[in-house]
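Asker: The residues making up each chain are set out below.
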Amino acid sequence: MKSPRTDAALEEQSMNNDLVNRTGVPAPLTSRRTFIREAAAASGAGILSAGMRVSAQGTAAKAEQMVLPTTTKEVISFKVHVPQAALDDLKKRLANARWPEKEPVTDWSQGVPLAKAQALVEYWRTRYDWRRVESTLNGLPQFRTQIDGLGIYFIHVRSKHENALPIILTHGWPGSIIEFLQVIGPLTDPTAHGGKADEAFHVVIPSLPGFGFSDKPTEVGWRLPRIANAWAALMARLGYSHYVAQGGDLGAGVSSWMAKQRPSGLAAIHLNLPILFPPPPPQPGGYTAAEQPALAQLGKYASDASGYASIQATRPQTLGYGLADSPVGQAMWVYEKFQAWTDNKGDPAETISVDHMLDDITLYWLTDTAASSARVYFESFAKDFARMHLELPVAVSNFKGDFFTPPKVWGDQTYSKLFYWNEVPKGGHFAALEQPELFVAELRKSFAQVR
Amino acid sequence: MEMEKGSENKAGATATFSSRRQFIRAAAITGGASLLAAGPVPIDAQQSPKKAPLLVLPAATENATPFEVHVPQAELDDLKRRLVTARWPEKEPVADWSQGVPLAKIRELSDYWARNYDWRRAERTLNSFPQFRTSLDGLGIYFIHLRSKHERALPIVLTHGWPGSVFEFLEVIRPLTDPTAHGGSENDAFHVVVPALPGFGFSDKPPEKGWNVARIANAWAALMKRLGYERWVAQGGDWGAGVTTALGHIQPPGLAGIHLNWAFVFPEKIPTEGLSQDEQRAVDAAAIFQTQGAGYFLEQATRPQTIGTALADSPVGQAAWIYEKFNAWTDHDGDVESALTKDQMLDDISLYWLTNSAASSARIYWENNPATYVGGKIDLPVGVSVFPREIYRAPRSWAEKDYSKLIYWNELPKGGHFAAFEQPAAFVRELRACFTTLRA
Chain A
16 MKSPRTDAAL EEQSMNNDLV NRTGVPAPLT SRRTFIREAA AASGAGILSA GMRVSAQGTA
76 AKAEQMVLPT TTKEVISFKV HVPQAALDDL KKRLANARWP EKEPVTDWSQ GVPLAKAQAL
136 VEYWRTRYDW RRVESTLNGL PQFRTQIDGL GIYFIHVRSK HENALPIILT HGWPGSIIEF
196 LQVIGPLTDP TAHGGKADEA FHVVIPSLPG FGFSDKPTEV GWRLPRIANA WAALMARLGY
256 SHYVAQGGDL GAGVSSWMAK QRPSGLAAIH LNLPILFPPP PPQPGGYTAA EQPALAQLGK
316 YASDASGYAS IQATRPQTLG YGLADSPVGQ AMWVYEKFQA WTDNKGDPAE TISVDHMLDD
376 ITLYWLTDTA ASSARVYFES FAKDFARMHL ELPVAVSNFK GDFFTPPKVW GDQTYSKLFY
436 WNEVPKGGHF AALEQPELFV AELRKSFAQV R
Chain B
1175 MEMEKGSENK AGATATFSSR RQFIRAAAIT GGASLLAAGP VPIDAQQSPK KAPLLVLPAA
1235 TENATPFEVH VPQAELDDLK RRLVTARWPE KEPVADWSQG VPLAKIRELS DYWARNYDWR
1295 RAERTLNSFP QFRTSLDGLG IYFIHLRSKH ERALPIVLTH GWPGSVFEFL EVIRPLTDPT
1355 AHGGSENDAF HVVVPALPGF GFSDKPPEKG WNVARIANAW AALMKRLGYE RWVAQGGDWG
1415 AGVTTALGHI QPPGLAGIHL NWAFVFPEKI PTEGLSQDEQ RAVDAAAIFQ TQGAGYFLEQ
1475 ATRPQTIGTA LADSPVGQAA WIYEKFNAWT DHDGDVESAL TKDQMLDDIS LYWLTNSAAS
1535 SARIYWENNP ATYVGGKIDL PVGVSVFPRE IYRAPRSWAE KDYSKLIYWN ELPKGGHFAA
1595 FEQPAAFVRE LRACFTTLRA
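Just so you know, the protein sequences line up as chains A and B, in that order. So the mapping is simple: our numbering equals the position in the first sequence, first residue as 1, plus 15. So the mapping is simple: our numbering equals the position in the second sequence, first residue as 1, plus 1174.
For reference, chain A alone in the conformation it holds in the complex (with noise of 0.2 angstroms):
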């Protein structure tokens, strides 16, 4: 299902883009055009079940791999169809799952507890379906382009409010795209879901490198500066010459980034989860009680809450190795930080409905990316996620089950162009999957300073 068109050819229709961009002209229509050609083009494939790449290690037993199509500068339609063979695989795994004893505590002080694993798993093989998600992303438009080297999977959806704001939402680690299917609707069509035309968003979620159906970079450097520099380029060639930017964990990183380099078209960007590490006490009297709450959280986070984080940033393959052979530890992995880092009294099924933590594991698990996932942290976690004086407008909502929720005191130090700040008082780090009308409401109305 090759395009017959030239590299040279790719490259030109690339720049037109580009060219088309700049001058920020008829933007959607460009967009439209290339979605409708190339999916025509692709005629639905997308994950390619048959013609598996085999690498030179791998065992010919490995048919139920996946394999992205390959990318050019072109914005090319994608669909998911993950091979039944690797679900089949998925569900023998689990049943073929060897699980270690008990945890000697009654709580999760030392990990996910063995009968709350074994719950989850047993629902994953008996009940969990995921051609249903796959259905879901299906009905969305997307798409895989090329950007410095790499492919990059997005969802992207245009609004039919034609001064709509296009918005990049990234997403963080342990999540993904899925954590914003929700909020699409609301985003994209207000006027169906409580809001007006003027609250109208053409929204953009790309897979972060690594992440999802994007590639894995083979080299190292996907730092996350560069990260926010493809970002830019997507939104370029998308045609958006003014948008703004989103994201929670990484995705805040990414999105902090957009706005230290000031890609032109960024209008302002939206953070929950700011990075907002201590700034220097300005008396000598040290913190004030208002910031001891921010510095206690910090300090739990250290002591007992980063072990995942030490070892992604520090042995990604030596982690990723477990986590690619056992669907049960990946599975974990994740739970872990659901439970965590969600808004709930114990049980993180009070805020995020299993089949939508099952749908962000599993695609983790079919794309095989606990180490490439992970990799991030290796590239940025120690260097480049940190505090950074930000000039461009920056929004920020706290939701108060996060891990970390600074005071705003350190907003207004860090960010000199601070025009929203919210304490929400439900949800927690995966905000638009546990809260999405809430999540909505934040972007509504730090947004709409920025139309």
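Hints were generated in silico from the structure; no laboratory data involved. Since we're looking at a predicted model, the values are computed, not measured. Possibly wrong hints are sitting among the right ones.
Stated by the list, open to error - Just some of the chain A residues that point at chain B, by a computed CB distance under 10 angstroms:
| hint | residue |
| --- | --- |
| 1 | Q80 |
| 2 | N111 |
| 3 | E116 |
| 4 | G126 |
| 5 | L129 |
| 6 | D319 |
| 7 | S321 |
| 8 | G322 |
| 9 | A324 |
| 10 | Q327 |
| 11 | L334 |
| 12 | Y336 |
| 13 | L338 |
| 14 | E351 |
Yeah, the Cβ is synthetic: ideal placement off N, Cα and C, and Gly gets one too.
On the provided structure of chain A, position chain B as indicated by the hints.
Answerer: Below, chain B alone, put in the same frame as chain A:
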């Protein structure tokens, strides 16, 4: 099996005979059975019924019951099946070990494990030693116990760490017990006790929290007493050094001195200036470890169950988790196999896999969290051997401050974290030299 508790301990003179008698009698009773290959498999209420090949350890009593290793064939078949159906991540984007075990290296090890490695050989080696299990503080503890033919031999308990095991010591046991056949003199002889830490190898997995190094140290003291040893010494590296240091603090009756091949001698507050070259080198090495090499440590110290769940289900995951440390912590110039053979590494890795002790072994970090390099002052005699490729090399100046009776200090030219495993001959020489002055 109703030997009066502790009666064998009362007179040191009869210890040998007591434990021998016990060995013979218990062996007769158990008929050589040890790991129950058949018989009742305890199936957890939540466990699916398919899990037939589980290893089950026999219940331990306060007797030292002989034990032999026989892993059910179904376990070995299951391992092989998992190895050949392993699903791999993509190749690392670096040309070295900086992101962990390179894909080509783990695939090579995994292929060897599936095709060439022979667990039965390792099992035969283990079974060539007298092995026992006994209940200490409510937990079944496995240990190798080889007495010297020299009655005046010095009893020693050798404690492994993570990701080590009793396999580290197999090459040194006979030279220690039988020095005259191994280049030493009768005066160098030891009676050797090599226990597996709780949650490791063929020791039980603690079902409750609380098994920190102090509790383990107390159990070791009880073990030595149970074996009838009235005057003995202790040795360890890694967590074994943690346990041995704890023994040095506790000073149980009978403990005459300790030897460490990794000494935790950091001061409470490290001076910001005036450090000697050796001190600075130790501080720098510890800092590099802390920032670049402690991911496994922090994960195991905080979420052992989560990482354990992954490693329990994937032998390649378990292998990589350990292989990485063999590469990082042994003395070699780029080829870990010049320090330890594939068979040696896989003996240790297989033991972790077959006993399903990824989570339970990781828990020792959780139990002792936060662990530091500040071991504190010890007034019992202490000997230290510094191997050059240790995570940090303990400076003698700090050891002299912490150890009021520093009876032995040596810095060796070769070897690393797994001293006995890598350099068995040098390790034996160190113990002989160190403990000369403590022999009665």
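Asker: Now look at each hint and say whether the structure bears it out.
Answerer: Okay, the hints, checked on the actual structure:
1. Q80: holds, 8 angstroms
2. N111: holds, 8 angstroms
3. E116: holds, 5 angstroms
4. G126: G126/A check passes; min Cβ-Cβ to chain B is 3 angstroms, inside 10 angstroms.
5. L129: Since the shortest Cβ distance to chain B is 7 angstroms, the answer is holds.
6. D319: holds, 5 angstroms
7. S321: For S321/A, the interface hint holds, since the closest Cβ of chain B sits about 7 angstroms away, which is under 10 angstroms.
8. G322: Status holds, d = 3 angstroms.
9. A324: At about 8 angstroms, which falls below the 10 angstroms cut-off, the nearest Cβ of chain B leaves the hint on A324/A intact, so it holds.
10. Q327: Hint on Q327/A: holds, closest Cβ of chain B at ~7 angstroms, below 10 angstroms.
11. L334: With Cβ-Cβ at 7 angstroms, under 10 angstroms, it holds.
12. Y336: holds, 4 angstroms
13. L338: holds, 6 angstroms
14. E351: holds, 5 angstroms
Consistency with the previously given hints is maintained throughout, with no hint failing.
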